[in-house]
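Engineer: In case you want the letters, here they are:
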Amino acid sequence: MMASSYNAKEEDGHHPGSSNHGGTGPSSSKKPDNTAFKQQRLPAWQPILTAGTVLPAFFIIGLIFIPIGIGLYVTSNNIKEFEIDYTGVEPDSPCYICAQNFSWNSTTPCICTVNFTLQQPFENNVYMYYGLSNFYQNHRRYVKSRDDKQLNGDLNNLEDPSSDCEPYRKIGGKAVAPCGAIANSLFNDTLDLSYVESNGTLNSIDLQRKGIAWWTDKHVKFKNPAGSNLSVAFQNTVMPVNWRNPVYNLDPSDPDNNGFINEDFIVWMRTAALPTFRKLYRIIPKKSGAASTLPSGSYRLKIAYNYPVLSFDGRKRMILSTISWMGGKNPFLGIAYITVGSICFFLGIVLLIINHKYGNRSSSADIPN
Amino acid sequence: MRDGRTMSWRSPLALVRDALHGQRARERELRSLVSNLPYEGLGKGKLPNRFFSSNTIKTTKYSLLTFIPINLFEQFHRLANIYFVGLAILNFIPVVNAFQPEVALIPICVILALTALKDAWEDFRRYQSDRKVNNTPCSIYSRREKQFLERRWKDVQVGDFVKVVCNEIVPADLLLLCSSDPNGVCHIETANLDGETNLKQRTVVSGLCTMDRGFEPESFNSIVVCEKPNDNLNHFKCFVEKPNKEKLGAGIESLLLRGCTVRNTDHAVGFVVYAGHETKSMLNNSGSRSKRSKLERKLNIDVFFCVILLFAMCLVGSVGHYIWLESLTGSPPYLTPDSRSNSLASFHMFFTMIILLQILIPISLYLSIELVKIGQIFFIINDVDLYDEETDSRMQCRALNITEDLGQIDYIFSDKTGTLTENKMVFRRCSIMGTEFPHKENAIRLAVLDEPEAEEEIIFNHRLQSAQTGWSLEAEDVTSVDTSRHSRSKVVGMAQSDVAFSSPLETEVIPDQNLVRQISRAESSSRRGGSRRMDPYLDFFLALAICNTVVVSMATARRRRACVSSHSSQTNNPLEILSNLVKKASSFIQRKSTRIRTQSQDPVIDSVRMESTADTNGVSQSDRPAAAAAGSEDLYYEAESPDEAALVYAARAYGFVLLARTPNNVAVRLPSGQVLDFEVLDTLTFDSNRKRMSVLVRHPITKECVLYTKGADYAIMELLGTPYAEHLSENQKNIASDTQHHLDSYAKEGLRTLCIAKKVVSEDVYRSWLVNRKSALAAIDNKEELVMDTAVQMETNLTLLGATGIEDRLQESVPDTTVALREAGIHVWVLTGDKPETAVNIGYACRLLEEEDLLINMSCKNKVTCTSSLDCNLEEVRRYDEDLLNVDTMPSISLVIDGHTLTMALSPDLRDRFVDLAKRCRTVLCCRVTPLQKSEVVKLIREKLKVMTLAVGDGANDVNMIQAADVGVGISGQEGMQAVMASDFAISRFKHLKKLLLVHGHWCYTRLANMIIYFFYKNVAYVNLLFWYQFYCGFTGTAMIDYWLMIFFNLFFTSTPPIMFGIFDKDVSAEVLLGVPELYRTGQGKGEYNFLTFWISILDAFYQSLVCFFVPYWAYKDSDVDIFTFGTPMNTVSLFTILLHLSIEIKSWTVVHWIIMLGSVGLYFGVTLFYSAICVTCNPPSNPYWIFESQMGDPMFYLICTISTVVALLPRYTFHVLKNSISPSPLLQGRELDRMDPSTRDQWIREWRGFRGGGGGQVKRYQQSTPPSPTQETPVDFLPEFLNDDEIPDDDFSLNVTTHQSPVLT
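If you read the sequences in order, they're chains U and A. Sequential numbering of the first sequence, starting at 1, is according to full-length UniProt numbering. Sequential numbering of the second sequence, starting at 1, is according to full-length UniProt numbering.
If you are wondering where the hints come from, they were derived from the structure by calculation, not from laboratory data. Where hints are given, some of them may not hold.
To give a feel for the contact side, a few chain A residues facing chain U, derived at Cβ under 10 angstroms [what the hints assert, rightly or not]:
(1) S327
(2) L328
(3) A1115
(4) P1181
Just so you know, these numbers come straight off a predicted model, no measurement behind them. By construction, the Cβ of each residue, glycine as well, lies at the ideal position given by its N, Cα and C atoms.
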């Protein structure tokens, strides 16, 4: 009976199946399942990185990257950008006096004007930025020094801000609104731009104050505290020490642009990543009829010089820039793509040679002892 | 004894006193126990044995209430967790914190929770099993009920009387007082304790229980004095003091151990001496072993490097912050007022940096490694190739954390018996009174069994033709041997031999005709004379039958084993057995005749014919030897050592049938049919010091006291007294030297040799000896030594009867395995207790030694010669080595050293020279070594050469060695489970070592090594992003990545891919690894995970993090980007870089790889998008609201991600490609082999091997390996004679270097 169920041929296989011999049920046997997973025989793709196999990848990367790089470079070059430093470090610069005589307490702003010339006309929408240098908005304590709940209109936090705001949390028992170091150091220079006609008359350019902040910031993240009247809503709070106007009166011209949803304020509160940064200040919309938004010619920038930067070796700039799908002017990415594409192409050629030289070697491979 | 007074209450003072008293009682060396029965019904406080632990067991570590504190306490013992908690605490200090304190707690909480969950689950399982065990029913005697009542195990107390019945498991350690067996014997099976499946006898303490009345627990009024509980399963000291002050000694032979199963005994009653945790089995229950692997030791060094790196980076941050502060003029508006001085602030910044960069220390690496190893072990134990059909056992991994060590082994130390060989002993030949009986037919029978399956079909085609010749009945057992032998490794049901040592292979012996005639002559002469003198031939076989500890059991009464279901095929019906046997017999006949037809020159014909004529003619009349044994009776012999069983079966073949054995009696049936009942006066059991055992019996006819001794030849030879008998003629006086000569030739054939001797003890001598013996047995101190001394006293002046040669067959595929291991660059050493000749022969048989090898023998008498011998050999070997530089061939050197010389070579002043010599040898055979020497050798090589060692063995004598080696492998074979218990891995056959090391070892090592390197890389690459940002934020510890995403990044997004990589990645397939064992060498020595690869990966991490940081940096420079928008592409680029980096490293992509890699990316995007969409005011200051969404709507994001990833990975990718193209590693070539189809691959491997080996030793591998046959002229003959002690008394130095160049095989 043992012999009758025995088949020598069948059993000679390397992996005998779990056949049932002599009444030993497979259930009682400890024999492991002979499945692909448990025996580590799952079908697998085993790529081997050799010159022959990766050649196409290098050429493809090269062929894709170089056109992208050229496209990016051209796009970046088409963006027009103009930048002017109005800090007033040099004695002959127009804002030298304002820079030297600065005091947080002065009630009347120091006005200075800077003249400049645009060599080329700026088409489409022109974005006006202010730029600060050596300003560490990314300082850890600075970044932390805000209360998002307060800015979101939470009434509890309005009158009892988070301890993160220390030491700009309360003044004389009253909560600071908006609290914290970021809000306290709000950029408060006012920039006005006029076109100087050839006859010398100043043609003031319309600067749009709205639409400079992220839509989600303005409508979701930042909210004014509930209440029909902003000044009432903020009545139990005080403004930050460095401020000249209370938060509900940041934009006298537009009542909807006041309080925490003031867009200049929102832009400032989005702390910059690097110590040299720019922030969107105004938008100069494209004029429907005219050929260019900013024609070439002379311009005059009138600055209400309120913001001190000399104390920390900072610089202030005004930047005018057109914008493309890739943002502002930055040739780096284009150059990078072209370079990397070229390198890949070159490596592809090197690998082609190597493949030619070593490609047929595998059959004479020798495994060293 | 009864104490009538009872105390109604107990003062606290009394309680304290009681507790102290109990403490003292437990600590005392000797314990006095009395029966509990007189105190039954009294409170617990009154019981005299109350101080000793009860039988309730509790192996759980925690209870419901104490789980959290105790588990936390245990977890905080791990340094890594302390580091983590330290960081979390640091984060609560306002001046240094980098994140919100709560966030920093997440990682440690997750890790602690995961570990706690694992611990809780394990503990719960233990609790469940404890509860089950504690509630197992048992019978305890109750005085009130006057009978045994059913109780639970947990109710058993020390001092109770417990009754166990057949097949019941013993609930506590019981002193056996009474047994249903008339001889006072109780059989137990200790499989639960040590895995040994043979029955063991336990005897009642004599003088307590009288058979006629049965045992009455109530009348037990003695005091049991026993030693303090210990974990020695083979040792117990105790005496019972009767009221009349008589002391009765008792030892382990009267102790029923908890966990054993009662067999073949209706019931037995025992007195509980140890209960619960004090029982020997519980004391033996140590948890799983924990070893540190080589890789982990190396890993800890690298973690230390990471700590240094972390400190360096923090120092840079701290100093940078100071410089930045100093460079400030005035007080910028972004600087919040700070009263701290610059230096204090930068000092605080150091700690902030530590918190920020904490993941540089890969804490989760330890958890990941544990998970990876669990996965690896899962695959190892599930490998169908490592499963043994015969024993239905899988490979066991007992140590969970050294899997990767299997891939780095340099030296294997192997035991011989049971490891290289089957440890299934087959009687081959014997020498009696100086005459050799070669047993040629038997040899032929065994040779037939070795034939390949070619004849199988013929046999089974003809199996129905019944051939009821007279021969078949007689040969029933012979033939059953055959079939089972063939099916042994093939058919599960049949092959699962129920009883450990009764595999039919060794149960049957074809008698040597000369010897049969010799016996019948002797028997008839002794019958005629009726003489008081036994013939030496009869004596020899009587000795074989008597002098052992074999237990006889009947086939019909074979015990049922725990796993009944798998043995359901094992029929218990004798009729059926008989019919099976007949069938098999007929097939055997068929086979025989086939052979006869085909090989007419074969001498087998003559023997068969001769045998059949002998049978049919009835030369030996009714007492035909084999028929007496087989047929009507089915006796099964169960022995503790397979040699014994083989000898008993051999005796049975000659008609000396051991019928029954009780402690006091041995019944043997002689060929004449006469049954002799020997009274056993004493048994001097075997021990490794004496190397022999003796049985002292009283001969039923002559009434003489006869001592039969059997043992190792050198142990017996020196105890010989006068030659056998005075009436022998002169030329037979030198039996001893003749026998010695035979022994030597047996050894050269690789047989195990035993000498049989006897001694007639006069009555006076016996009586005086008995007194000593009794006092020795009753002794508590030094009992063993005293008992051994008495044995030595008795075993003197022996008379040599003869010697036996037993073959221990090589396990299947052993030569193949050793050759593969050798090709893999592993040195295989054999450490054996056998004689050098035997060892050398086995060495050739399993291809450890090749014929063209240079063989060095070292066998020295004293240290001076040993020193000079070592020096000479070293000189020789060095010269040989230099020669080799010119010659292209691969001859190698092998060393054979014996135990005595080894002792000297291991002495402190010589060991360096010995190691120097040994490391130049491919193989070293150490003969006649003790277990201690085995472990010394392993330790020496391990420490001096700084190599990875693996020890493999199957017996208790290998335990030391297994524990000394880096990796201990136990073979669950014939000699119980002690080796397995001590081992890290347990396999069932030696050949499994090949796949275990070459495939699983290699895989585990490369997987884990690459996984660890990758893990280091991953953490450094990610954390450095934060570090580079510090240069742009004034070293203030700002992170540009959202904290939650940062934590999730390590915890979820990138944690599973490396674990998957560590479990599943397969660089080269198993087939190629087995076909080209040379690939194993990549893991040896420093392997893939070494100083260089570690630092290269760290440098690569630095490079990649630079790219991941600076490409986005340049792209966003001087724009209106905010911090977290700036960090988002970096996080994403890092994710892609880290995952694609792994993709470059992954060697084979299965569906699991794809799911996990794509899943990780999907998880990242899913979680980040979701988190950015809902988190409006949460987690200040890093408000993530809508940042990721706005980034994903920006084409720049994709452009930046693409170029950063490409630039980051380009160098590594190119490097891999160039290296693989220009100088491919062996492993890569292995992978290329993998892509060929199997036949081309085999062809290629063969060609390559032929090319490399130059037709030398390597080629032979593919031919059928033929161990030198004993009948042919073997290379052993070219060896110098081993110089025996007695032969060369003066010259104590022997050194020989021989080479034997054999013709090159083609």
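Engineer: Hint by hint, say whether it matches the structure.
Structural biologist: Quick rundown of the hints versus the structure:
1. S327: 9 angstroms, holds
2. L328: 6 angstroms, holds
3. A1115: Status holds, d = 5 angstroms.
4. P1181: Because about 5 angstroms separates P1181/A from the closest Cβ in chain U, which is inside the 10 angstroms limit, the hint holds.
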